[in-house]
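**Student:** In this text, residue positions in the sequence shown follow the working numbering: the first is 489, and each later residue adds one.
Treat the hints as calculated values from the structure; they're not laboratory data.
As the structure is a computational prediction, the values presented were derived from the model and not from experiment.
Yeah, the Cβ is synthetic: ideal placement off N, Cα and C, and Gly gets one too.
Mixed in with the good hints, there may be bad ones.
Claimed, not checked - Estimated spans, in silico, between C-beta atoms of each pair: (1) Glu610 / Glu637: 26 to 36 Å; (2) Val1118 / Asp541: 16 to 26 Å; (3) Leu717 / Ala636: 33 to 43 Å.
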Amino acid sequence: MHPILVITAAILYVLTVALFTLVVRRLLGVRVSLLRAVVATLVALAVTRPVLDALVAEPAVGTTVTTEALLYVALLGATTFVVAMVLVVVAEVLVPDGSIPGPIDLWRGWRSRLSRSGRYLEILRIAWRHGLSRFLRGRRHLALGTVAERRDLARSLRRALEDGGVTFVKLGQQLSTRQDLLPREFVEELALLQDQAAPVSWELAAERIRTEIGHDLGQTFVEIDEQPLASASVAQVHAARLTTGERVVVKVQRPEIEHDVERDLDILVRLASLLDARTDWGRSIGVRDLADGFAAALTEELDFTVERDNMRGVAAALERGGSDGIRVPTPVPALCTPRVLVMERLDGVPLTGAEKSLERLGPQMRAQLASTLLETVMDQLLESGIFHVDLHPGNVLVADDGTLGMLDLGSVGRLGAQTRRSMGQFLAGVGTGDSMAAAEALLELVERPEEIDERALEQAIGVLILRYTGGGPTDGTAAFASLFTLINAFRLGVPPEVAAVFRAMATLDGTLRALDPGYDLVSEAKAMSRSRMTGLSDPGRLKETVEQELSSLLPIVRRLPHRIDRLADAAEHGRLTANVRLFADQRDRRIVTNLVHRTLLTVLAATTGLMSVVLFTVRGGPLVTAEASVYTVLATGLFVVSVVLGLRVLIIVFRREEP
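Generate the whole structure from the sequences, applying the supplied hints.
**Tutor:** Here you go:
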């Protein structure tokens, strides 16, 4: 055959496939992948004509245009459309669209999948070695009914997380603060996880710093200590001095950690999805949402520019609140990158090793420092809305003059105005002993279930208030543990930002006791809440609040007389009516419209099918060909329409998409 004819035939075939693919996707009425539609069209074009030739007595189409030839071509085209649509529907039933990756995705991601498969095997070996593999299955495990059994499992989990690396250690540390999700034995055991690692060599660290700042270290630093002050799994810190004479610390991220964390987070999210789908306990604690939130937080922590901005935000809030006794490091913006953070070096030593410094300050000064720290955190929670989430003793410096410093601001919490208001009302209710106000504020903070016994919740909160604020020293950790138990008992969902508040306060209790062993967080917070309520009732503050409320109500008050006059006039003349619009919400209209459309498609498919059957049984009538009457042609057309409409309904049902 001549090459030009071959090329022409190939172009015509491609155009035919494209036309058929477009029409098939259009007739089905839902989004079908192009590859699936093309494959179905190719198969239909390949099998339809041989089958139709076997069924029709004289299927050959010659060069002469006849009625039989036109009918044959029309029947061939309609049958091809129907077969292609049937193939797409069958494929959707067997392998739903999107359930397996396409060839392009497979080609692009084969290396990452290979790496992830090796990591999967390593994680499974770690789980098997520590006896955790049985919990990856969905059946219930009744061998965890005692405290000793739960403690053994928690110990195995901690060791497995330590073997898993930085991502899993960070996960365990975050889970140790979620007393609303995990039993006490797990929380206590996971709290023992230490984020420590052997430091990387100075050559690698120096090369990382040099690459990030864009020039040699000697151009920026007069001196820099090659031995790190501290080394963790994410970064290590070196003391240095700038050419301007300022004392700074350089926080440099460990090389190649981004790839490892990204791979492990991907695996973690996939495992969470698997546990959520196959286990009861995974669904009950919302393991998928936990994994997504943790992945977002850890990804943010790896970007040191976020910590730089956090330091600026917290410093500005401290300045507005007048907290002179507490400082945060000042970053050096020109030397801060996503992988290197250069900041001011604060004077002092961490609370974990500040016993001698605290003894020199004396008991009175220590109690004052603890109160200052608590007051600052309360201001952050209720006023500025930005607060330190992990204020443990290692993140607080104590200087010789009694100044406190906050470190490690890579993870901070942020609260909106409504959440801050509800948090203040909850603390005020606890401070004044008003269990009803505290219960109402708590319901504003959490995600309330569809059914809840508010009276029982109020009674339970009242018992907690009496138990932990009735006088005498109180263990703050025990108080928060009891609050988490209450939240679990009433199945209240805790949003991440509120959980961060509870985590910050529970961590703060240990820090305050490190400053002053006799400090009572609950009693002091109660006293501060009362003082804040008193401050709100101060004449000057009350006048300011009233003025703000009146200014917001003034536009409404101005329009009120005119609206009342219109209502009175309408009532006087009998024109006052109340209009209620059904399906006013667009979502409601969409649901009803879709139901009507699907019902109409089903009715039309059934009707055209019945009409086709009836017409096939009619004998006689005008002949279109020597053997086929006009009724046969109409019946065939109606049959094709019926099949197309029926397939369209089926694909919508299987895909669960809106038509």
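**Student:** Decide, hint by hint, whether the structure agrees.
**Tutor:** Consistency of the hints with the structure:
At about 27 Å, the beta-carbon gap between Glu610 and Glu637 stays in the expected band of 26 to 36 Å. Hint check: Val1118 to Asp541, Cβ distance near 24 Å, so the stated range 16 to 26 Å holds. Take Leu717 and Ala636: their Cβ atoms lie about 40 Å apart, and the range 33 to 43 Å holds.
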